[in-house]
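Residue numbers (my numbering), protein chains in the order written: chain A, 1 to 115; chain B, 1 to 113.
Quick caveat, the hints were computed from the structure, so don't treat them as lab data.
Hints are supplied without guarantee of correctness; some may be wrong.
[Claimed, not checked] The list that follows gives simulated cross-link-like pairs (lysine to aspartate or glutamate, DMTMM-like), each with its CA atoms no further than 25 Å apart:
| hint | chain 1 | residue 1 | chain 2 | residue 2 |
| --- | --- | --- | --- | --- |
| 1 | A | 58 | B | 68 |
| 2 | B | 11 | B | 44 |
| 3 | A | 42 | B | 28 |
| 4 | A | 42 | B | 44 |
[What the hints assert, rightly or not] In silico contact screen, one side only, chain A against chain B (beta carbon under 7 Å); selected entries:
| hint | residue |
| --- | --- |
| 5 | 42 |
| 6 | 44 |
| 7 | 61 |
| 8 | 89 |
| 9 | 100 |
| 10 | 106 |
Each residue gets a CB set at the ideal place from its N, CA and C atoms; glycine is no exception.
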Amino acid sequence: QQQVKQSPQSLIVQKGGISIINCAYENTAFDYFPWYQQFPGKGPALLIAIRPDVSEKKEGRFTISFNKSAKQFSLHIMDSQPGDSATYFCAATQNSGGSNYKLTFGKGTLLTVNP
Amino acid sequence: DTGVSQDPRHKITKRGQNVTFRCDPISEHNRLYWYRQTLGQGPEFLTYFQNEAQLEKSRLLSDRFSAERPKGSFSTLEIQRTEQGDSAMYLCASSLEDSPRAFFGQGTRLTVV
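Working from the sequences, and respecting the hints, build out all of it.
Shown next as structure tokens:
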């Protein structure tokens with residue numbers, strides 16, 4: 001059972017464009033939703049995260065939009081740069097009730113930003 | 001502090017051999033996690049420690065796998081009698097006790113031949 005579904009699998013964007021990656025979750029107990037960026041041969045790096053009490057969070061060029069009723073959230077990368085080319089993973093965890101905060105990841109999106 | 005450190009970065013082993021990986025978490029983090037990542041997939045949870053106590057193990061963690069965190073600092077993950085299906089990136093992450101913000105190491109890439 002895949003609890004976090006991520007799309008698209010791959011994405012090609014021109015420099016300066018907007019990259020949008022979508023995720024949907026099933027477990028309503030999830031209440032913390034981070035995005036990770038991973039370069040080849042490296043571990044995932046925490047990029048930005050959101051809790052369901054807000055509908056949007058922005059950090060620099062990165063924005064998370066969250067729709068609690070639809071159980072969906074998305075990552076928007078504004079003014080995409082070639083250096084943003086990487087694999088992006090959405091994830092979810094339960095951030096309450098003594099949870100161990102183990103992360104459930106999507107399958108990832110390979111982003112390529114062309115110069 | 002330079003973050004979560006994992007050693008070795010790469011390991012090639014023959015089928016049937018035992019391997020051991022080490023993870024040094026961020027020093028003030030008392031939670032430590034192991035994940036496994038296969039090609040084209042997201043990381044999958046294996047096990048988690050709070051200080052020296054192993055509090056949860058995934059069903060992915062067969063009886064050939066064992067993890068320890070003897071003094072609540074570094075952790076080791078051992079795989080006995082390796083199989084080709086064990087080939088993957090093994091990732092370690094750590095966090096503060098009351099925080100969901102997990103920071104990952106660079107991973108150990110295991111290849112079983």
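Status of the hints after comparison with the structure:
Simply put, residue 58 of chain A and residue 68 of chain B have alpha-carbon atoms about 38 Å apart, too far for the 25 Å limit, and the pair is violated. Only pairs whose Cα atoms come within 25 Å are accepted, and residue 11 of chain B paired with residue 44 of chain B is accepted, the gap being roughly 20 Å. As the CA atoms of residue 42 of chain A and residue 28 of chain B are separated by approximately 23 Å, the hinted pair is consistent with the 25 Å bound. Proposed proximity of residue 42 of chain A and residue 44 of chain B is supported: the alpha carbons are some 16 Å apart, at most 25 Å.
The interface hint given for residue 42 of chain A is met, as the beta carbon of that residue sits about 6 Å from the closest beta carbon of chain B, less than 7 Å. This hint holds: residue 44 of chain A has a C-beta 5 Å from the nearest C-beta of chain B, less than the 7 Å allowed. For residue 61 of chain A, the shortest C-beta to C-beta distance to chain B is roughly 20 Å, which exceeds 7 Å, and the interface hint is violated. A distance limit of 7 Å between C-beta atoms decides the matter here; for residue 89 of chain A the minimum to chain B is near 5 Å, and the interface restraint holds.
At about 5 Å, the closest approach between the beta carbon of residue 100 of chain A and any beta carbon in chain B falls short of 7 Å, and the interface hint on this residue holds. For residue 106 of chain A, the shortest C-beta to C-beta distance to chain B is roughly 6 Å, which falls under 7 Å, so the interface hint holds.
In summary, the structure is inconsistent with hints 1, 7 from the numbered list given earlier, while agreeing with the others.
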